[in-house]
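Asker: In order, the protein sequence lines correspond to chains A and B. Each step along the first sequence adds one to the number in the working numbering, with nothing skipped, and position 4 is 9. Each step along the second sequence adds one to the number in the working numbering, with nothing skipped, and position 25 is 30.
Simulated from the structure, these hints should not be mistaken for lab results. Hints are supplied without guarantee of correctness; some may be wrong.
The list treats identical chains as one, so a pair stands whether inside a single copy or across any two.
Claimed, not checked - Only pairs whose alpha carbons sit at most 25 Å apart, straight line, appear in this in silico SDA-like list of lysine to any residue:
| hint | residue 1 | residue 2 |
| --- | --- | --- |
| 1 | 173 | 38 |
| 2 | 202 | 98 |
| 3 | 30 | 82 |
| 4 | 19 | 69 |
| 5 | 19 | 68 |
| 6 | 30 | 66 |
| 7 | 19 | 95 |
| 8 | 202 | 100 |
| 9 | 19 | 179 |
| 10 | 19 | 183 |
| 11 | 19 | 39 |
| 12 | 19 | 178 |
| 13 | 202 | 34 |
| 14 | 19 | 175 |
| 15 | 173 | 108 |
| 16 | 19 | 87 |
| 17 | 30 | 115 |
| 18 | 30 | 20 |
| 19 | 173 | 154 |
Values in this document were obtained by computation on a predicted structure and should not be read as measured data.
2 protein chains.
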Amino acid sequence: MDPSRLEQQLAFIKELDRLKLVQRKSFVSGTRRLETSAEHSWHVAMMAWLLLEHAAPRELDADRVLKMLLLHDVVEIDAGDTLLYAEADAQRAQRERELAAADRLFGLLPEDQGPILRALWDEFEARETPEAKFAAAIDRLQPLLLNFMGEGAAWRRHAVTVQDVYEKNRHIAEGSPELWAAAEQLIELAVSRGYLKHEF
Amino acid sequence: MDPSRLEQQLAFIKELDRLKLVQRKSFVSGTRRLETSAEHSWHVAMMAWLLLEHAAPRELDADRVLKMLLLHDVVEIDAGDTLLYAEADAQRAQRERELAAADRLFGLLPEDQGPILRALWDEFEARETPEAKFAAAIDRLQPLLLNFMGEGAAWRRHAVTVQDVYEKNRHIAEGSPELWAAAEQLIELAVSRGYLKHEF
Numbered sequence: 006m007d008p009s010r011l012e013q014q015l016a017f018i019k020e021l022d023r024l025k026l027v028q029r030k031s032f033v034s035g036t037r038r039l040e041t042s043a044e045h046s047w048h049v050a051m052m053a054w055l056l057l058e059h060a061a062p063r064e065l066d067a068d069r070v071l072k073m074l075l076l077h078d079v080v081e082i083d084a085g086d087t088l089l090y091a092e093a094d095a096q097r098a099q100r101e102r103e104l105a106a107a108d109r110l111f112g113l114l115p116e117d118q119g120p121i122l123r124a125l126w127d128e129f130e131a132r133e134t135p136e137a138k139f140a141a142a143i144d145r146l147q148p149l150l151l152n153f154m155g156e157g158a159a160w161r162r163h164a165v166t167v168q169d170v171y172e173k174n175r176h177i178a179e180g181s182p183e184l185w186a187a188a189e190q191l192i193e194l195a196v197s198r199g200y201l202k203h204e205f
Numbered sequence: 006m007d008p009s010r011l012e013q014q015l016a017f018i019k020e021l022d023r024l025k026l027v028q029r030k031s032f033v034s035g036t037r038r039l040e041t042s043a044e045h046s047w048h049v050a051m052m053a054w055l056l057l058e059h060a061a062p063r064e065l066d067a068d069r070v071l072k073m074l075l076l077h078d079v080v081e082i083d084a085g086d087t088l089l090y091a092e093a094d095a096q097r098a099q100r101e102r103e104l105a106a107a108d109r110l111f112g113l114l115p116e117d118q119g120p121i122l123r124a125l126w127d128e129f130e131a132r133e134t135p136e137a138k139f140a141a142a143i144d145r146l147q148p149l150l151l152n153f154m155g156e157g158a159a160w161r162r163h164a165v166t167v168q169d170v171y172e173k174n175r176h177i178a179e180g181s182p183e184l185w186a187a188a189e190q191l192i193e194l195a196v197s198r199g200y201l202k203h204e205f
C-alpha cells in the first residue's frame with residue numbers, strides 16, 4: 006500500500022530533525038558553540054519578516070521570501086555546510102551534493118508538494134527574482150551580524166579578510182541597498198575595532 | 006538622537022540569537038543533545054507549512070500561523086523553558102516571567118512593529134482563533150514526534166506517563182482532528198513498544 010500523504014509528510018518532517026546536527030561556521034554570540042543550520046534558518050526567517058520594509062523593490066511576496074529562507078539550507082541534511090569562502094573546487098563539489106540532496110529530500114513529499122518546495126529552493130539558488138535576492142541578502146547579513154557580535158572570532162578562525170567579506174557580501178545590495186549600507190558600516194566598524202583584517 | 010528604525014530592529018534581532026541557548030526537554034533524534042528553542046521554532050514553522058492542509062477549518066491565514074510559530078517561544082530568551090508537565094505553581098511563575106519578557110523584547114522594536122508581534126504572541130497564548138489552535142497543535146505534535154523518535158528517552162527522564170501525554174496533547178484535536186488521530190496512533194505505538202508507561 007502506498008504511504009498516505011500524511012505519512013509522506015511526516016517522513017520528510019522527521020528528516021528535518023537532522024538539520025539541527027549541521028554546524029555552521031558562526032558562533033552563537035557570547036559562546037564558543039557553533040550555530041546549527043536549523044537555528045540559522047529560524048533566525049533568517051525572523052529577520053526577513055522584520056526587515057522586509059527595507060527590501061528593494063518594496064512590494065515583495067513576503068510569504069515566498071519566508072518559505073525560501075525556512076527551507077534554503079534543508080539540503081545540508083545530506084550535503085553538510087561548506088564555508089562561504091571555500092575554494093571553487095569545494096564549492097562545485099558541494100553544489101553536486103546539494104542537488105542530489107534536493108532530489109532525495111523533496112522526493113519524500115507527496116508528488117504535488119515536493120515540486121513546490123523544489124521550485125522555491127531552485128529560485129533561492131538562482132538569485133534572480135526580487136524575492137530570492139532579498140532572501141539572499143538576509144542570508145548574508147545574518148552571519149555578518151553574528152561574526153561582528155562575536156568580535157570576529159569566526160573570521161579569524163578561517164582567516165577571512167576584509168576583501169573576502171566585501172566580495173562575498175556585496176550582493177546584499179541587490180536585495181536591499183539600505184541593508185547593504187548598514188552592512189558596510191558594520192564591516193568598517195569591524196575593521197576599526199580589529200575584528201577584521203586586510204591580510205593574515 | 007533616537008535610534009533609527011533599522012537600529013531598533015537590529016537590536017531585537019541580536020537578542021533573538023539568545024534563543025539558540027535555551028534548551029528544551031526533547032533530544033535531537035539519534036543523540037543525547039537537547040534541542041534548542043530556536044531549532045524547535047524552525048521545525049514547527051516547517052511543519053505548519055507542510056501540514057496546513059490537515060487544519061480544521063481548512064481555510065486558515067497561513068501567514069499568521071507561520072509567524073505565530075516563528076515567534077511563539079521568543080519570550081524564553083528572558084524566561085527560559087519550563088517542562089510542559091510541570092506543577093501548576095511553576096507554570097504560573099513561568100507565565101509571569103514570560104509576560105515581563107514580552108514587554109521588554111517586543112518593546113525593543115519600532116512602535117508600529119512591536120505591537121504586531123505582541124498581538125500575535127497574545128493570540129498564540131490565548132489559543133482561541135483557528136490559527137492559534139492549529140499553531141498550538143503543531144507545537145505539541147513536534148515534541149511528541151521527537152520523543153517517539155527518541156524511543157521515549159525524554160519521557161522517561163521526566164517520568165511522564167501515558168495519561169500525562171494524553172492530557173497535555175489532547176488539544177491537538179482542536180487544531181486538527183486528523184493530526185490528533187495520527188498523534189493517538191503514535192502514543193499507542195509508543196506504549197506498545199514500551200517507550201511510554203502508565204506509571205513510574
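Asker: 25 Å Cα cut-off: does residue 19 pair with residue 68 within a copy, between copies, both or neither?
Answerer: both (24 Å within a copy, 23 Å between copies)
Asker: From the Cα coordinates, with 25 Å as the cut-off, is the pair residue 202 and residue 98 best called within, between, both, or neither?
Answerer: neither (29 Å within a copy, 48 Å between copies)
Asker: Using 25 Å as the alpha carbon limit, work out where residue 19 and residue 183 are close: within a copy, between copies, both or neither.
Answerer: between (38 Å within a copy, 18 Å between copies)
Asker: Is it within, between, both or neither when you check residue 202 against residue 34 at 25 Å Cα-Cα?
Answerer: For residue 202 and residue 34, the Cα distance is within 25 Å only inside one copy (20 Å; across copies 40 Å).
Asker: I want to check one pair: residue 30 and residue 115. Are their C-alpha atoms no more than 25 Å apart within a copy, between two copies, both, or neither?
Answerer: neither (33 Å within a copy, 31 Å between copies)
Asker: Check residue 19 against residue 69 for me: Cα-Cα at most 25 Å, and say if that holds within a copy, between copies, both or neither.
Answerer: both (23 Å within a copy, 24 Å between copies)
Asker: Within, between, both or neither: how does the pair residue 19, residue 87 come out at a Cα-Cα threshold of 25 Å?
Answerer: Both: 23 Å inside a chain and 24 Å across chains, each within 25 Å.
Asker: I want to check one pair: residue 30 and residue 82. Are their C-alpha atoms no more than 25 Å apart within a copy, between two copies, both, or neither?
Answerer: both (16 Å within a copy, 23 Å between copies)
Asker: Have a look at residue 19 and residue 179 and pick one of within, between, both or neither, based on CA distance no larger than 25 Å.
Answerer: Between. Shortest inter-copy distance 23 Å satisfies the 25 Å Cα cut-off; intra-copy 35 Å does not.
Asker: Up to 25 Å between alpha-carbons, please classify residue 19 paired with residue 39: within, between, both or neither.
Answerer: The answer is both: 23 Å in one copy and 16 Å across copies each meet 25 Å.
Asker: One pair to classify: residue 202 and residue 100, alpha carbons no more than 25 Å apart. Within, between, both, or neither?
Answerer: Neither. Shortest intra-copy (29 Å) and inter-copy (46 Å) distances fail the 25 Å Cα cut-off.
Asker: Classify it for me, residue 19 with residue 175: is the Cα-Cα distance of at most 25 Å met within a copy, between copies, both or neither?
Answerer: between (36 Å within a copy, 21 Å between copies)
Against the hints set out earlier in the document, violations occur for numbers 2, 6, 7, 8, 15 and 17.
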